[in-house]
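> Given only the sequences and the hints, what does the whole structure look like? Please build it.
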Amino acid sequence: MRFATYNIEWFSNLFNKDGSLHFDEDWSGRHNVTRRAQTEALGIVFNAIDADAVMIIEAPDSHSKRDGTKALETFAAEVGLRARKAVMGFVNDTQQEIAFLYDPDALTAVHDPQGQPRFDETYEIDLDVDTAPDKVRWSKPPLELAVQTKGGTKLRLIGVHAKSKAPYGARNPEQVMRIAIENRRKQLAQCIWLRERVETILSDDEHLVVLGDFNDGPGLDEYERLFGRSGVEIVIGDDDDVRLYDPHAETVIRRPLGWMPTSARFWMVEKRRWIQTLLDYVMVSPDLRPMARDWRIWHPFDDPACERSPELREALLTASDHFPVSVELDI
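Numbering (the working numbering) for the sequence shown: 41 to 371.
Possibly wrong hints are sitting among the right ones.
Calculated cross-link-like contacts (lysine-lysine; reagent style DSSO-like; alpha-carbon spacing at most 27 Å) [to be verified]:
1. LYS125 x LYS190
2. LYS175 x LYS194
3. LYS125 x LYS194
4. LYS105 x LYS194
Derived from the structure by calculation, the hints contain no laboratory data.
Right under this line is the structure:
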């Protein structure tokens, strides 16, 4: 079975309030990309992936006047996906939900939030070593799912969109540093909270997959030295017996010379160039590792099959600023 994660920039902009697709020539939210062009590109990408299930980061928003699951199921029907059933967890007010799109003929999935505190509640941790606990909340609470395959295998999935560390709103170098450090503290606190939930699940001998956009990775910025480890390293863990596994993360953690995997591509206005980085991961528990194979970042240039297909290569560049990441699980 193929499981994937995909952060889709401005996915919400492609839908009307009733969940139908705009599919017109107005701008999508992505630079110089119309809503029709982005929708068509996403259809090409999703059909190429042909996953049994996709954890969608920045999914269409849900609120009292809009149903994000209906929007996703409409999209799946319009582009002809077998992964056509959607489930969403705790909604938020950022227009960036976490949702799960899956093939109901291959598996079942239900939102099953567990843990104390739950991901929609408040976590207390001393972030600045002043003995006074700070209260941390997720702006986009992780989506915890109880999944069962058609063959009867049960596993738990957690979809993640961790806090961005970018210093949005900073007006001078001092503000850049202050906001960046503050955001990193919050991002690390979220990852510590998530790791606690991971350890509980592993102690219960459940299969686990943690996947999504962590907005972080080993060596990603200079502020990591202040805190010792990246959020990704915290979630993966230290002990080999309870360590999650993602080969792309391991490549960066080991820091060998040569090629490094990347899953996102952003235009830096001030430097007038593209920057690529690894933000998206699919991590599996130790008991799933022997059943997991063929991790793949669907990168338009680094993945040979994507690069050789002009239609898919251009679709990946048009659809989002992130690229899908997938894994095959023999379950």
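> Does each hint hold? Answer for all of them.
Verification of the hints:
As the CA atoms of LYS125 and LYS190 are separated by approximately 15 Å, the hinted pair is consistent with the 27 Å bound. Of the pairs offered as hints, the one joining LYS175 and LYS194 is violated, with about 33 Å between alpha carbons and a cut-off of 27 Å exceeded. With a C-alpha separation of about 18 Å, the suggested pairing of LYS125 with LYS194 holds against the 27 Å cut-off. Straight-line distance between C-alpha atoms of LYS105 and LYS194 comes to about 34 Å, which puts the hinted pair past the 27 Å bound.
Hints 2, 4 from the earlier list are contradicted by this structure; the remaining hints agree with it.
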